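Q: As they're listed, the protein sequences go chains S and W. Residue numbering for the first sequence follows this note's numbering, beginning at 1 and increasing consecutively. Residue numbering for the second sequence follows this note's numbering, beginning at 1 and increasing consecutively.
Since the hints were made in silico from the structure, they are not lab data. Note that the structure is predicted; figures quoted are calculated from it, not measured. Ideal Cβ placement from N, Cα and C applies to all residues, glycine included. Watch out, some of these pointers could steer you wrong.
[What the hints assert, rightly or not] Facing chain W, according to a computed beta carbon distance under 10 Å, are these residues of chain S, among others:
1. L130
2. G181
3. N182
4. V184
5. V188
6. M228
7. Q229
8. I232
9. V239
What follows is each chain in one-letter form.
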Amino acid sequence: MSISDFLRGSPDGIDVTGPKLIASFEIGGITINLTETVVLSWVIIAAVTLLLLWLTSDLKTKDISKKQVLAEWAVTTIYGLVDDTMGKHWRKFAPYIGGLFTFSILGSLISMLGLRSVTADFNVPLTWALITFVLIHGTNIRTHGLGGYLKGYAEPVPVMLPMNILSEISTPVSMSLRHFGNIVSGMVITSLLYFALSVITKKIGIAFCTIGIPAVLSLYFDLFSGFMQAFIFIMLTMVYISNADGNAEA
Amino acid sequence: METNNVDYTELSRAIVLGASALGAGTAMIAGIGPGIGEGYAVGKACESIGRQPESSGAVTRTMFIGCAVAESTGIYGLLVALLLMFANPFINKVSG
Numbered sequence: 001m002s003i004s005d006f007l008r009g010s011p012d013g014i015d016v017t018g019p020k021l022i023a024s025f026e027i028g029g030i031t032i033n034l035t036e037t038v039v040l041s042w043v044i045i046a047a048v049t050l051l052l053l054w055l056t057s058d059l060k061t062k063d064i065s066k067k068q069v070l071a072e073w074a075v076t077t078i079y080g081l082v083d084d085t086m087g088k089h090w091r092k093f094a095p096y097i098g099g100l101f102t103f104s105i106l107g108s109l110i111s112m113l114g115l116r117s118v119t120a121d122f123n124v125p126l127t128w129a130l131i132t133f134v135l136i137h138g139t140n141i142r143t144h145g146l147g148g149y150l151k152g153y154a155e156p157v158p159v160m161l162p163m164n165i166l167s168e169i170s171t172p173v174s175m176s177l178r179h180f181g182n183i184v185s186g187m188v189i190t191s192l193l194y195f196a197l198s199v200i201t202k203k204i205g206i207a208f209c210t211i212g213i214p215a216v217l218s219l220y221f222d223l224f225s226g227f228m229q230a231f232i233f234i235m236l237t238m239v240y241i242s243n244a245d246g247n248a249e250a
Numbered sequence: 001m002e003t004n005n006v007d008y009t010e011l012s013r014a015i016v017l018g019a020s021a022l023g024a025g026t027a028m029i030a031g032i033g034p035g036i037g038e039g040y041a042v043g044k045a046c047e048s049i050g051r052q053p054e055s056s057g058a059v060t061r062t063m064f065i066g067c068a069v070a071e072s073t074g075i076y077g078l079l080v081a082l083l084l085m086f087a088n089p090f091i092n093k094v095s096g
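Work out the full structure: start from the sequences and follow the hints.
A: See below:
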């Protein structure tokens, strides 16, 4: 094992690739690829569904159980966050925000189990950003009407039209790239560091580098980064959607 | 003279790889801007929490959003660097 192995990526070394293809089949001329991302997303969806079914079963109004306290805490936290950030009249968005947050945080934290982060696939954050994009423009059209919405592009002066269109398009692009970039950079940096630590261990022969140090690094790159990006994503979603009704509130 | 023994495909691949490594390093200069900007924003947030400790929740939340937005340019630089390192688009342009 030499330094050139480190740079080139030896067979048992760095493996930074896209999500692996698990299965591929064709339905009516359309090829459907089942990647790691899709399968792990299904696992997360199933896990969350089962968890919620368990949490919401057997609800009572008197002498409530511990799991009901947990469920009520989760719901009130999400509703409180939406109320604080968007205002009480936007409460209907709370389920979407809560679902997005749960999926995003579990999708990032699944890397703690040694699997590939769902959010380290650009398709996933892009999908969420496009849903948010549709919600922003749908809210705008609902509050201002189609005419008012289209007029909004020519404000403050009609010369700004291309600029306004560009800034609207850059919203989902920057949101998705931020999430993707943070998670994938954490993944790359941790895999580089793990490889470097294993090389040092092989050189010295005593496994002191691979104990403890990866845990500290994982704390920042997986836990903190994953939680932070999920939080920022839902905060930006809420801010953009509640700003879409313009000065109707002010 | 042994100049005829040079494998020009290998040479051009080497040049492309070296230039890509330099480009990946250069792209990370984009980290300077967000670093300065976020440091300034966090400093200001600390100042305002010191002045009004009761508003620390709202200040912290707003600061994180601002930091996230300021970070985009750095992330774009990082993505360019990652692209050059792990999914180099130029290496396939070298024809044999």
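Q: None of the hints should be skipped; say for each whether it holds.
A: Results of checking the hints against the structure:
Because the closest C-beta pair between L130/S and chain W is about 18 Å apart, greater than 10 Å, the hint is violated. Restraint check, G181/S versus chain W: the minimum CB separation of about 4 Å is within 10 Å; hint holds. For N182/S, the suggested interface contact is upheld, since its CB lies about 7 Å from the closest CB of chain W, less than 10 Å. With a cut of 10 Å, the hint placing V184/S at the interface with chain W holds, because the nearest CB-to-CB distance is about 7 Å.
The closest approach between the C-beta of V188/S and any C-beta of chain W is roughly 6 Å, which is under the 10 Å cut-off, so the hint is satisfied. With a cut of 10 Å, the hint placing M228/S at the interface with chain W holds, because the nearest CB-to-CB distance is about 7 Å. Annotation: interface hint on Q229/S holds; nearest CB of chain W at approximately 8 Å, less than 10 Å. Residue-level restraint check for I232/S holds (minimum Cβ-Cβ distance to chain W is 4 Å; threshold 10 Å).
Look at V239/S: its Cβ gets to within about 7 Å of chain W, closer than 10 Å, so that hint holds up.
Figure legend: structure checked against the earlier numbered hints; the only hint not met is number 1.
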